[in-house]
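**Q** Note that the protein sequences, when read in sequence, are chains A and B.
Each residue of the first sequence is one higher than the one before, starting from 1137 at the first, in our numbering.
Each residue of the second sequence is one higher than the one before, starting from 1137 at the first, in our numbering.
Please note: incorrect hints may appear among the correct ones.
For identical chains, the list gives no copy identity; a pair is met inside one copy or between any two copies.
What the hints assert, rightly or not - The calculated DSS-like cross-link candidates involving lysine-lysine, where the alpha carbons are at most 27 Å apart (straight line), are: (1) Lys1170 <-> Lys1231; (2) Lys1202 <-> Lys1192; (3) Lys1170 <-> Lys1202; (4) Lys1144 <-> Lys1212.
Derived by calculation from the structure, the hints in this document are not laboratory data.
Protein chains: 2
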Amino acid sequence: MFKEQLQKIVDKTEGGLAVIVMDMNGIALDTYAKDGAPFDINTVSIELSTVLGAAKRASEMLEAGKTSEIAVSTEKLTTIVRTLNETYFLAFAMKPDGNVGKGRYLMRMAAPEMAKEL
Amino acid sequence: MFKEQLQKIVDKTEGGLAVIVMDMNGIALDTYAKDGAPFDINTVSIELSTVLGAAKRASEMLEAGKTSEIAVSTEKLTTIVRTLNETYFLAFAMKPDGNVGKGRYLMRMAAPEMAKEL
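Could you build the full structure based on these sequences and the hints that come with them?
**A** Shown next as structure tokens:
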């Protein structure tokens, strides 16, 4: 469904591993992963949907507006999560030394077009 | 205690508003805020400590190693949280159009020195 956009995000970001479109209940809509990605993007995204939920609750408490993006960096993985609309989000996993700025940019550019089709 | 390091992070980042050193229980150790910052960095950080907790649990589940950093972007505020050690973290709030890359860089540079004193 979104294969072309997803592939572009992963392949154009140095250190990019895998990307997924998922709903807030953890159901994957479409995904693209490089061969040999060391993590299953499905599992990563399901875990991160709880982090996104926590961020949304924090934003509501702070009256800081809607949460557009979260990024989580660990020793082995950096993941960026961008909300597409109320139901769906885009999650992108990369190596810890991957180009986070480039990844954020490519996701930001792709999001409005993807959101239109959801 | 860390006034000089904190001031440097805020003042050298375009759009920087306020920064705080806080423990995981929400007790602030030191803080620096620009005049007219539209949010109380104490309140923001207490809320974000729950997001950091969720990220840490997700990283453990995924065996992805220690969580070093999370960033949350909302309509009105972008906040970067960097862990300093098991007990303390550094949280930096900036305008949504602030220079996230510069902020992350300055926090990463300051963290090891600050961690030594904790």
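**Q** None of the hints should be skipped; say for each whether it holds.
**A** Hint check:
1. Lys1170 <-> Lys1231: Answer is within: at 12 Å inside a copy they meet the 27 Å cutoff, but 34 Å across does not.
2. Lys1202 <-> Lys1192: both (7 Å within a copy, 23 Å between copies)
3. Lys1170 <-> Lys1202: between (31 Å within a copy, 24 Å between copies)
4. Lys1144 <-> Lys1212: within (23 Å within a copy, 29 Å between copies)
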